[in-house]
Each structure stands twice: as C-alpha cells, then as structure tokens.
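**Q** Sequence:
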Amino acid sequence: MFGRRNRLPRDLEVESRPELRPELSPSLGPELDLGLGPEPDPEPETSLDIDLTKQNIPGKVQLYNDLLEGLCCSTCKTKRRLDFHQQRLHKQNSVIQMSVIYLSATSSLLQALSSSTYDVIFPETTTDPVTNITDTIEGEIDQSTYSELVPIFTLFISTYSSLIISFARHFKIEEKEGNISNLRDRFAELISRIKHQIDLIKPWSDKDYYLIDTNKDKKHEWTGLLKRVDKEYNHIVDIRKELYINYNKLVNTGVLRKYDNEVEEDIDIFDDKHPKEKHPKEKPQVPSR
135 MFGRRNRLPR DLEVESRPEL RPELSPSLGP ELDLGLGPEP DPEPETSLDI
185 DLTKQNIPGK VQLYNDLLEG LCCSTCKTKR RLDFHQQRLH KQNSVIQMSV
235 IYLSATSSLL QALSSSTYDV IFPETTTDPV TNITDTIEGE IDQSTYSELV
285 PIFTLFISTY SSLIISFARH FKIEEKEGNI SNLRDRFAEL ISRIKHQIDL
335 IKPWSDKDYY LIDTNKDKKH EWTGLLKRVD KEYNHIVDIR KELYINYNKL
385 VNTGVLRKYD NEVEEDIDIF DDKHPKEKHP KEKPQVPSR
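Under the working numbering, the first residue of the sequence shown is numbered 135, with each subsequent residue one higher.
A few of these clues could be false.
[As the list claims (entries may be wrong)] Quick list of in silico lysine-lysine cross-link-like pairs, DSSO-like style, CA-CA up to 30 Å:
id : residue 1 : residue 2
1  : K310      : K329
2  : K375      : K211
3  : K211      : K352
4  : K352      : K375
5  : K383      : K306
6  : K350      : K310
7  : K352      : K341
8  : K225      : K361
9  : K361      : K383
10 : K211      : K350
11 : K194      : K361
12 : K194      : K341
13 : K211      : K365
14 : K336      : K310
FYI, nobody ran anything at the bench for these hints, they're computed from the structure. From a predicted model like this one, the values you see are computed outputs, not experimental measurements.
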C-alpha cells in the first residue's frame with residue numbers, strides 16, 4: 135500500500151511503553167522550550183527587603199488604633215455599668231449583714247442587763263446599820279417592767295434576723311455581688327489588654343520613629359508588630375465575646391437601664407478617674423440682654 139511505511143520493532147516498543155518516549159526539557163535549547171514546565175515560586179519577601187516608606191504605616195496604625203479604641207470605649211461603658219450595679223448590690227448586702235450584727239449584739243446586751251446586779255437602771259435598796267432605816271434609791275427602769283420588755287425585744291430581733299437573712303438568700307444578693315465583681319474584674323483585665331496594644335502601636339504614628347533607624351531593626355520590628363497585633367486583636371475579640379455572654383446571663387437589661395444616665399456617652403479610655411470624680415463641665419454663659 136502507498137503512503138504507509140513499515141514500522142520497525144523499535145517504534146512499536148516505544149508506542150507500547152510511554153516511559154521510553156523522549157521528554158521535552160527547557161534545558162535542551164530555546165527551540166524546544168514550549169513553556170510546558172512549572173514556573174518557579176517567587177521568593178518570599180523578608181523583613182530586610184521591606185521598604186517602610188511604601189508600607190502605608192500611618193494608615194495601618196490608624197486602622198488598628200480606631201478598632202482598638204472602639205472596643206475599649208464600649209468595654210469601658212459596660213464595665214462602669216457593672217461598677218454601679220456591684221456597688222448597689224454591695225450596699226444592700228452590707229445593710230442586711232450589719233443590721234443583723236447590730237441587732238444581735240443589742241439582743242445580747244438587753245438580756246445581760248436584765249440581771250439585778252446592774253444598779254444603774256434598777257432601784258437599789260440600802261439599810262442604815264445605826265438607825266436601821268431602809269432607803270431605796272430609784273433607778274431608771276423598774277426591774278419587773280424591764281423583765282417583761284426584754285422577751286418582746288428579743289423576739290422582734292430574732293424574727294427580723296430570720297426574715298432578712300431568708301430574704302437575702304432568696305434573692306441571692308451575696309452570690310450576685312460575687313459574680314458581678316468577678317465579671318467586672320475580667321472586664322478590667324480586658325481593658326488593660328486593649329490599652330497595652332494601643333500603647334504598642336502609638337509610636338508608629340510618627341514617621342520619625344521608624345524612618346530614623348539607627349540600629350537597622352525597624353523593619354523586623356514592624357513585621358513582628360503586625361503579626362502580634364493581628365493575633366492579639368483576634369484573641370481580644372474572642373475574650374470579649376465570652377465576657378458578653380456571661381454579662382447577658384448575669385445582668386438583666388432592665389436593671390442596666392437604670393445606670394444609662396450615669397454612664398457618659400463619650401469616655402476617655404486613658405482617663406482612669408471615675409465619672410463622678412471628674413470636674414463638671416462649665417456651661418457657657420449666655421450674655422444678658
């Protein structure tokens with residue numbers, strides 16, 4: 135047959151065994167380089183290759199600063215609501231505990247004074263050995279009358295103590311105070327953590343801080359700072375989520391609305407003073423007509 139050549143045994147072996155076929159390699163020359171091979175991965179950029187003037191450091195610092203200050207401001211407001219609520223519970227618990235202590239001590243004192251040895255409040259009888267005349271010195275209260283009043287006072291005090299202690303246990307005032315106090319402490323730790331991150335990135339807002347690099351370590355410091363702040367920010371968000379879950383479980387929304395007027399709208403996160411300790415703002419004087 136025309137147009138068909140006889141194939142050698144070598145050709146048949148190559149077709150049946152693909153591993154014997156020649157491979158095209160870029161190293162064989164430009165005429166065989168068909169671009170079929172994988173391109174090499176670019177080398178990762180190290181901290182020494184970074185140009186700080188092209189990293190938009192002020193923009194990144196402002197972004198992280200706004201995010202952290204927003205978290206800190208809302209967390210400070212929540213903590214101050216917890217402060218007011220904890221103070222209210224502490225005052226209630228203190229009144230209950232101190233009233234029981236004072237009334238119990240008063241009851242013991244009244245029972246001790248019912249003895250006839252106390253001549254200050256009971257009448258005293260003396261006899262003159264010469265004239266054999268009996269003289270009675272009147273006291274403040276008659277002993278028989280006092281003895282009748284002591285059981286009434288004692289019963290009232292014991293009844294009050296039982297009722298007030300049962301009232302406190304029923305509403306779990308002491309337990310609520312402890313839970314709110316622990317939650318407030320955890321919010322305080324979170325606020326300190328956020329402020330620490332703000333303090334770390336604050337120097338980088340000034341260009342002279344990183345452009346004047348005498349020790350040649352600002353590039354490495356900047357890359358490490360970005361990694362730490364990004365990781366810490368995610369960790370802060372997770373902690374805040376857990377705290378607000380406990381916050382919503384422990385505190386009723388209606389209770390917290392009582393403290394909205396006492397919490398300032400704008401909070402200076404770097405001012406550690408209590409709102410009541412700050413000087414009131416002076417109102418502008420209206421000129422008289």
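**Q** Report the numbers of all earlier hints that the structure fails to satisfy, in ascending order.
**A** 3, 4, 6, 8, 9, 10, 14
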